[in-house]
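Chains as they are written, first to last, in my numbering: chain A, 1 to 333; chain H, 1 to 327; chain D, 1 to 279.
Don't take every hint at face value.
To be verified - Below, in silico cross-link-like pairs of lysine to aspartate or glutamate (EDC-like), each with a Cα-Cα straight-line distance of 20 Å or less:
1. A:268 x H:206
2. H:255 x H:244
3. A:242 x A:225
4. H:271 x A:225
5. A:268 x H:44
6. A:268 x H:325
7. H:19 x D:170
8. A:123 x A:100
9. H:255 x A:197
10. A:246 x A:147
11. H:299 x H:315
12. A:139 x A:117
13. H:300 x H:315
14. H:202 x A:269
15. A:124 x A:85
16. A:268 x H:217
17. A:54 x A:10
18. A:68 x A:117
19. H:270 x A:225
20. A:35 x A:176
21. H:255 x H:325
22. A:285 x A:298
23. H:299 x H:325
24. H:153 x D:271
25. H:90 x D:170
26. A:84 x A:117
27. H:90 x D:173
28. H:112 x D:274
29. H:175 x H:44
30. H:202 x A:298
31. A:70 x A:10
32. A:151 x A:181
33. A:139 x H:217
34. H:28 x A:156
35. H:142 x A:274
36. A:19 x D:170
37. A:19 x H:157
38. H:175 x D:271
39. H:112 x D:110
40. A:19 x D:271
These are calculated hints, taken from the structure and not from any lab test.
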Amino acid sequence: MEDKLVLNVDNLNVTFNTKRGTAKAVTDVSFTLHKGEKLGLVGESGCGKSVTCKSIMRLLPEPPAVLKGKIDLSGTSILDLTEKEMYAIRGNRISMIFQEPMVSLNPLYTIGNQLSEVITLHKKLSKEEAREAVIAMLKEVGIPSPEIRFKQYPFELSGGMRQRVMIAMALLCQPEILIADEPTTALDVTIQAQILDLLNGINKKFGTAIILITHDLGLVAENTDTVAVMYAGRIVEKAPVKQLFKHPQHPYTQGLLRSVPTMQDTGKDLPTIEGTVPSLYNLPKGCPFCTRCTKVQDKCHETMPPATAVAEGFVRCWLFADEHGEEGAEHVF
Amino acid sequence: MSSNILFAAEHIKKWFPVKGSLFSKEHKYVKAVDDVSFSLVEGETLGIVGESGCGKSTLIRVLLRLLAPTEGKVIFAGTELTSLGQEELKQYRRNIQIVFQDPYAALNPRQKVGAMLSEPLIIHNLVASKEEALQQAANLLKTVGLPADAITKYPHEFSGGQRQRLCIARALAMKPKLLVCDESVSALDVSIQAQIINLLMKLQREMQLTIIFVSHDLRVIKHIATHVAVMYLGKFVEYGSSAEVFANPQHPYTKALLSAIPIANPEAEKKPIVLQGDIPSPIDVPSGCAFHSRCFMNKKECSQLAISMEQCGQDHWSACPFRQEMK
Amino acid sequence: MLKSLIHSKTGLLGALILVFIVFLALTANLISPHNPFEQDIVHKLLNPVWTAGHDAKYFLGTDQLGRDVLSRLIYGSRVTLMVAFSGTVVAGIVGVILGCISGYYGGRIDAIVMRIADIQLSFPFILLALFIAAVLGSGLGNVVLIAGLCCWVQYARMVRGEVLSIKEIEYVEAVRALGGSNMRIIFVHILPNIASTIIVIATLQMARIVLMEASLSFLGLGVPIEIPTWGRMLAESRVNIVSYPWHAVFPGVLITLTVLGVNLLGDWMRDYFDPNLDV
Chain A
1 MEDKLVLNVD NLNVTFNTKR GTAKAVTDVS FTLHKGEKLG LVGESGCGKS VTCKSIMRLL
61 PEPPAVLKGK IDLSGTSILD LTEKEMYAIR GNRISMIFQE PMVSLNPLYT IGNQLSEVIT
121 LHKKLSKEEA REAVIAMLKE VGIPSPEIRF KQYPFELSGG MRQRVMIAMA LLCQPEILIA
181 DEPTTALDVT IQAQILDLLN GINKKFGTAI ILITHDLGLV AENTDTVAVM YAGRIVEKAP
241 VKQLFKHPQH PYTQGLLRSV PTMQDTGKDL PTIEGTVPSL YNLPKGCPFC TRCTKVQDKC
301 HETMPPATAV AEGFVRCWLF ADEHGEEGAE HVF
Chain H
1 MSSNILFAAE HIKKWFPVKG SLFSKEHKYV KAVDDVSFSL VEGETLGIVG ESGCGKSTLI
61 RVLLRLLAPT EGKVIFAGTE LTSLGQEELK QYRRNIQIVF QDPYAALNPR QKVGAMLSEP
121 LIIHNLVASK EEALQQAANL LKTVGLPADA ITKYPHEFSG GQRQRLCIAR ALAMKPKLLV
181 CDESVSALDV SIQAQIINLL MKLQREMQLT IIFVSHDLRV IKHIATHVAV MYLGKFVEYG
241 SSAEVFANPQ HPYTKALLSA IPIANPEAEK KPIVLQGDIP SPIDVPSGCA FHSRCFMNKK
301 ECSQLAISME QCGQDHWSAC PFRQEMK
Chain D
1 MLKSLIHSKT GLLGALILVF IVFLALTANL ISPHNPFEQD IVHKLLNPVW TAGHDAKYFL
61 GTDQLGRDVL SRLIYGSRVT LMVAFSGTVV AGIVGVILGC ISGYYGGRID AIVMRIADIQ
121 LSFPFILLAL FIAAVLGSGL GNVVLIAGLC CWVQYARMVR GEVLSIKEIE YVEAVRALGG
181 SNMRIIFVHI LPNIASTIIV IATLQMARIV LMEASLSFLG LGVPIEIPTW GRMLAESRVN
241 IVSYPWHAVF PGVLITLTVL GVNLLGDWMR DYFDPNLDV
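Chain A with its partners taken away, still in its complex shape (with noise of 0.2 Å):
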């Protein structure tokens, strides 16, 4: 699987700072994607993840974020590029889809006009040319009648359809990265099982990297190749899918996996992990995790473990790692 790398993270830390102080929302995440790859990025609400890919789109406010770390996109250090630079990487290079279809479309111009208005402004094409792309794209992501839906307006559509549109307004330009955030939340069973559809089609056809954002265990486990587990700004685990779900190595990513209802147990009780989720402005010295883990030792309040590989993945747990860990363990991954 020596797939070009088409995104590597390394060390990113970001950082807002407030009134009310520091919040740390992402510390020391790294991690690659290859082209082709679809990685599940999960975690529950304040882990990071949006913010990470916020991050990669340059998409926070700096001030009051602080970006600090490397994001290599292809050869090109994102964190490096000016606000005009990075207008030619969005939309372009890297895409982005939303979790409220109903929020991310202009309600006072057409779908036509909003998708031309992407693919002008990345590449040189006549007004004739891109309606034309743009149908053929409506086409591909399966809105029927595209010529009729080019001249309608975004309350014309259902949610199912104006998440269609998202992910064509995301694909226009060929990107080299998708970068979902949350985008069948919103919508019911039914659409959503049509929309990773969807996604997983242009995943093979064009050979786009998606990074799927959800908090959805099941989705992860049928729409990605690889997952990373979040936790208070961290990656606490990586792995291959299968691997995820067989074998999962942090205590984290195991009470997560008991604590979804499956189809099989009723009536019983539920594991639950005890606690909440620490502040992001007043985090543990250690691992963010020492507070609810029921396998706590003492170096886990006082450091940070380092990230050691387990099979076909990583996982940063002091169960797992010595003193000298294994540097670098993340980005082999």
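Using the hints, position chains H and D against chain A.
Here is chains H and D on its own, set in the frame of chain A:
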């Protein structure tokens, strides 16, 4: 059937008129709820499953008499609620309470927790003084696993999961017999969801609650419901005991929903039935069986037949006349 | 609450300004160097102490009837404050009640109230003032009445809009489901949540009413002619403004200062009462 039927709905219809244009004489309606009937035995948990636009939220509000039905009756412990006057209706409200979906919108941001929990007791004159009310409020907090000092705090000082606990505490203040949960865990993180589900089940055991749990998440429903009703465009398409419906779905829509559930196991074999098209609008409900426009069976007769629920098992009803032919 | 006020530079400034004005009003008879009604024709139209043509006895000069400007300014604060607060309260009560009823009950009542509001708005306030002056005469009470009549509409409209959206929120539904009455919902749940809007409107209106009083006095429709008000002083200074510009400056500055103080304090108050903001 049973004599201890706590709650029953009979042919509930709720249609909202759509204002036509100046020139159209046509009266269009949003048929949010279109002939729903069911009955609940004390201690049961009925899960109502459906997607957006199916009418489950409207149905809940009619059952709670927050909306008046266009047609049909709601019967609680033998009394027909639709015929009650204002004062009697207020009394009835002590018996059935609701926990909403959004814990951020369900609490008045300007009201302290103590006042919020005392409110139901004060409204119904269940306490003699404010101190007594606060005392009971502290007890309620204990029941839902929150510290007593929450009394002086404002909702925004709590997390989503904690706020939902506050909502549950408020709903239980008057010791209702029936608790309606409208997507009460949908807005919560997975691990918090588990905590709240466990809490609800524990409270049900301790307080002998009957629960109606509305959700779009079949996994949660399977976990806690004894009975399931699958709703589509204002009607129940399948109804029965949870075990039967999940093991042996007798309606194509139920089958599609079940197959669309993401399974947290990458090695699981799954043949998802991907339904084509979007959910139709409740203003323009397809003729005959409302589901025919997306059904994988969709026979010629489906757009013309009058559909009703037929019994297909000991505790199992389905609205699909062709259920035997489902693969 | 005090701590928060001290922390907010603008809020504190606003509060200090208003405290100063209130102090002037309360202690007027103690701190005024002269009797504001006493006329001294011999020493009329004097300038402030730091300019030519002054008399040390009258610190800020005298007006065209020889009355001490400083004393009149100090006494003028009384009328201004009285009119500003009373007018705001009257307009506020009427506007909020009508807006609440209109928004909450909707239907016919809503339509009627809003039409009355529209009619009210299309009436120029000067015309209204003239009408009331003609029918009821002039005087402090009537100024307050005019202020109330002209300003209630803004409250009503904003409140109606907010009530319309709040009454659909889940926490209101929850209280209904608990058996709460409409009165309870309006007073316990809706009004506290629109308090910040009302405060903002109140500060804007208060400023407007101060200016309104100034205009009315300017036109001779306000309080009795011998009572000093800043508006009247502005008006009276008009005649000689070319030769004696200072007489317009002081009342103008005080009016501006009061309006500024009200707005700054109002801003802070609105932020303070919003439980979501970390003030």
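Straight-line alpha-carbon gap residue 28 of chain H to residue 156 of chain A, limit 20 Å: Given that 20 Å is the threshold and the Cα spacing comes to 19 Å, the pair holds.
So if I understand the rule, the pair passes when the alpha-carbon distance is 20 Å or less; does residue 299 of chain H with residue 325 of chain H pass? Roughly 11 Å separates the two Cα atoms, so the pair holds.
Taking only the CA atoms, is the gap from residue 255 of chain H to residue 197 of chain A under or equal to 20 Å? With a Cα-Cα distance of about 18 Å, the restraint between residue 255 of chain H and residue 197 of chain A holds, given a limit of 20 Å.
Given the hinted pair residue 268 of chain A and residue 325 of chain H, is their alpha-carbon gap at most 20 Å? 35 Å, violated
Would you mind confirming whether the straight-line C-alpha gap from residue 270 of chain H to residue 225 of chain A stays at or under 20 Å? 17 Å, holds
Hinted pair residue 70 of chain A and residue 10 of chain A, Cα distance within 20 Å: Measuring from Cα to Cα gives roughly 5 Å; hence the hint holds.
Measure nothing beyond the straight line between the CA atoms of residue 19 of chain A and residue 170 of chain D; if it is 20 Å or shorter, mark the hint as holding. Measuring from Cα to Cα gives roughly 31 Å; hence the hint is violated.
For a C-alpha distance cap of 20 Å, please report whether residue 123 of chain A and residue 100 of chain A respect it. Violated, at about 27 Å.
Is residue 255 of chain H close enough to residue 244 of chain H, meaning Cα to Cα at most 20 Å? 13 Å, holds
Does the structure keep residue 19 of chain A and residue 157 of chain H at a Cα separation of 20 Å or less? 17 Å, holds
Checking one constraint from the list: CA of residue 255 of chain H to CA of residue 325 of chain H, max 20 Å. Satisfied? Holds, because 13 Å separates the two Cα atoms, which is no more than 20 Å.
With a cut-off of 20 Å on the C-alpha distance, tell me whether residue 19 of chain H and residue 170 of chain D pass. 26 Å, violated
Checked against the numbered hints listed earlier, the structure breaks hints 6, 7, 8, 10, 11, 13, 18, 30, 32, 33, 36, 38 and 39; every other hint is satisfied.
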